Structures are given as structure tokens and as C-alpha cells.
Amino acid sequence: MRQGTPTLGSLVRALDLYDCILRDQGRTPAHRLGRELGLKRATVYRMVRTLEDQGHLRTCKRGHYVAGCRAMEMLTSIKPNRVHAELARPLIRRLASAIGHVVHMGVLEGDMTTYLVKEGHVEDAPLTHEDMQLESYCSGIGKVLLAYLSDADRERYLSGGPFVRLTQNTIVDPGELREHLQTVRAVGYAIDDREIAPDLCCLAVPILQPDRSATLALSVSSIDQGKLEKSREGLLRKLTHTSKQIAHRLSD
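So for the sequence shown, our numbering puts the first residue at 7; every next one is plus one.
Derived by calculation from the structure, the hints in this document are not laboratory data.
Heads up, some of the hints might be wrong.
Stated by the list, open to error - As a list, the in silico DSSO-like pairs of lysine-lysine whose alpha-carbon atoms are at most 30 Å apart:
no., residue 1, residue 2
1, K233, K250
2, K236, K250
3, K46, K67
4, K233, K85
5, K233, K244
6, K236, K85
All figures in this text were calculated on a predicted structure; none of them were measured in a lab.
Could you build all of it, start to finish, from the sequences and the hints given here?
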């Protein structure tokens, strides 16, 4: 809510009731759930009737309700990664503008890295585009996210090696990659040193959740290796700062 913008108390109460009913999944009569929220029985009836008429609730037995068809359609249409991408995009765009490089945000999907957001100068990363998938073992974002997997999940991934060599710098041996990922986890960032393409370098950091796990990561990419290396420390500070801002926004 924007500061100073008044809320509609009746809508807040209706949404609270709706939330309780959906979570309860028909086990408790609606009037009892309403009573726990301090709502009168007549008020609960009007709210439930309206939600039912609009397809958001349906009766499973007298006085008990579950999600309606409209609610189910809404739930299945929501893609968490797309929500995360659009929440993070303004921060990523600001960072890309400030540093003059392409900035990506990505996620692991299966064994591949999917790029959810790409902002900045396209010529700095001509190979990538949003919703594109690349191998994880040789990309900055992919290596960060592999490093933050559980030990069991990381070993499962490594069991798929040896991997395909894309450039002379690609790490293809599972044992060597295991040691490399341990270092990535220890230092808190990954470098793609022309491992996925001979003219592309990246720095990547995790977007840490409160439990210090990471399912999303942020990277800066450039075709100018010297420029990226020269400004590495400053770029890492800015990447880390933005990753913390994104983490806060996603958990807010």
C-alpha cells in the first residue's frame, strides 16, 4: 500500500475471510471462520454469497466452501517466476543503467538455467534473451545456483557428467566442477570466464532467501573481459547490493 492511501475496510475483511476459506479447504463452516475474524454471521453470509456468485467460491456441503472455478483458473495462471521477474525488473534495469553492462536474473529449471530478465546494452550479451535456457555448468548464474543446491541435488547434477566442452575454458570434469562449486559457495559469487562462449564473461551472485538458500541469481555480462576484470570488485558490490534489494522486495 502506498503511504497515505486509505484502505477499504470492508474489502480487507472480505479478503481475510476469503483467504481463511481457501486455506481451510471446506473443513470448517464459513460462519465459524468468520467469527474467528470478528465478523457477524450475516456479514459472512453476504461476503460468501458474493464470492460464490462471482465464481471464487463454491459449496461443498451446507455452510462449507472451497475454491471456485474462477479461483482455480487464477491460481493455475500465476507463474511465480514471472511474478518475481517483474518485481525485480525495475531494480535490475536501474543497475544495468548504472554500470553500463547487461544484467540478467535467472533460475534453475531442471538442469538448465533460464534467463527471466535481461536489461542493459544488448551488444554486451548478444547470445542471450529472456526465457532462453543455457547449460548451468558453464554459466555464471548456473554455477551460483548449482553451488547453492543441497548436497544431494548437486551430486545428482554432477552424476550427469562429464559435460560438453563449449570453449577451451569450460569445466567438463565432474570432480573439478565439484571443487569449483565449493569455491563459489565459499566466496559467494561465480565467474564465467568465457566458458559458455569465447567472447562472453560474467560475474554472478545469489539472491539469498532468509534461510541463506538461493533459487534465483543475478549476473553482469560483458564481451569486454578486461573491463569486467578491472572493475570486478565494484561490480560485485553493486550486484550484491541489488540482489539484497531484490530479496527484500520478493519477501515483502
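| query | Which of the stated hints cannot be reconciled with the structure, identified by number in ascending sequence? | reply | 4, 6
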